[in-house]
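Could you put together the complete structure from these sequences and hints?
Protein chains in written order, with my numbering: chain W, 1 to 112; chain X, 1 to 115.
Read the hints as simulated data drawn from the structure, not as lab findings. As the structure is a computational prediction, the values presented were derived from the model and not from experiment. For every residue, glycine included, the Cβ atom is placed at its ideal position computed from N, Cα and C. Check the hints yourself; a few may be wrong.
So, partial list: chain X residues that the calculated Cβ filter (under 10 angstroms) puts toward chain W [claimed, not checked]:
| no. | residue |
| --- | --- |
| 1 | Val4 |
| 2 | Gln6 |
| 3 | Tyr35 |
| 4 | Gln37 |
| 5 | Lys41 |
| 6 | Pro42 |
| 7 | Leu45 |
| 8 | Phe64 |
| 9 | Leu90 |
| 10 | Cys91 |
| 11 | Asp102 |
| 12 | Pro108 |
Straight-line C-alpha distance at most 27 angstroms; calculated DSS-like pairs for lysine-lysine [claimed, not checked]:
| no. | chain 1 | residue 1 | chain 2 | residue 2 |
| --- | --- | --- | --- | --- |
| 13 | X | Lys22 | W | Lys109 |
| 14 | W | Lys57 | X | Lys53 |
| 15 | X | Lys40 | W | Lys79 |
| 16 | X | Lys53 | X | Lys22 |
| 17 | X | Lys41 | W | Lys59 |
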Amino acid sequence: EDQVTQSPEALRLQEGESSSLNCSYTVSGLRGLFWYRQDPGKGPEFLFTLYSAGEEKEKERLKATLTKKESFLHITAPKPEDSATYLCAVQAGGSGTYKYIFGTGTRLKVLA
Amino acid sequence: DTEVTQTPKHLVMGMTNKKSLKCEQHMGHRAMYWYKQKAKKPPELMFVYSYEKLSINESVPSRFSPECPNSSLLNLHLHALQPEDSALYLCASSLLAGTSTDTQYFGPGTRLTVL
Chain W
1 EDQVTQSPEA LRLQEGESSS LNCSYTVSGL RGLFWYRQDP GKGPEFLFTL
51 YSAGEEKEKE RLKATLTKKE SFLHITAPKP EDSATYLCAV QAGGSGTYKY
101 IFGTGTRLKV LA
Chain X
1 DTEVTQTPKH LVMGMTNKKS LKCEQHMGHR AMYWYKQKAK KPPELMFVYS
51 YEKLSINESV PSRFSPECPN SSLLNLHLHA LQPEDSALYL CASSLLAGTS
101 TDTQYFGPGT RLTVL
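This is the structure in structure tokens:
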């Protein structure tokens, strides 16, 4: 069964304390992995798309990496405004099929 | 510009009402999506439209009726909903349609409450 799992479920960091969020997946035919940030009551905001193992993307304090089994979202020197829920999603399936599966998210709180 | 707009922002309706949610994008995207998100849960895919045709229906009850009048507009018609249908309804769009791999861009959502 296709599955996407995120850990930890919740994370509290002090401002400036770097850390990593994990997204593990078990799917057949990975086509892409996506990271989103979601603030309470709002729609997910796109961050990164990763297509193949070894790929890395960076944006400001965030860096996403991808292996054959998992993806990491590294947050360097976070600020309080980085507090949000971070979601990963996986697109999978062969020709003619479509699966877009979200993980349950990591709720990040950065304290000043 | 990667903006998807949704109206209304909030909607309260009774179980016998008929209402509609609206979604628009003007990015030339060929695929549009409806998701349902309950509190502290990830979004769940409901419908996918590719080139204005319904391509995926994730076994959604018939009280939810999607419509894609043109390539920029997506509606979700609601009728005889249940209180458990209360949720954040999200619309998304992507440039490529069908089963192509592509990034989805989300709107801000409509917060629906069913009394």
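Each hint tested on the structure:
| no. | hint | verdict |
| --- | --- | --- |
| 1 | Val4 | 8 angstroms, holds |
| 2 | Gln6 | 8 angstroms, holds |
| 3 | Tyr35 | 9 angstroms, holds |
| 4 | Gln37 | 9 angstroms, holds |
| 5 | Lys41 | 7 angstroms, holds |
| 6 | Pro42 | 4 angstroms, holds |
| 7 | Leu45 | 6 angstroms, holds |
| 8 | Phe64 | 18 angstroms, violated |
| 9 | Leu90 | 5 angstroms, holds |
| 10 | Cys91 | 8 angstroms, holds |
| 11 | Asp102 | 8 angstroms, holds |
| 12 | Pro108 | 5 angstroms, holds |
| 13 | X/Lys22 x W/Lys109 | 33 angstroms, violated |
| 14 | W/Lys57 x X/Lys53 | 34 angstroms, violated |
| 15 | X/Lys40 x W/Lys79 | 23 angstroms, holds |
| 16 | X/Lys53 x X/Lys22 | 17 angstroms, holds |
| 17 | X/Lys41 x W/Lys59 | 26 angstroms, holds |
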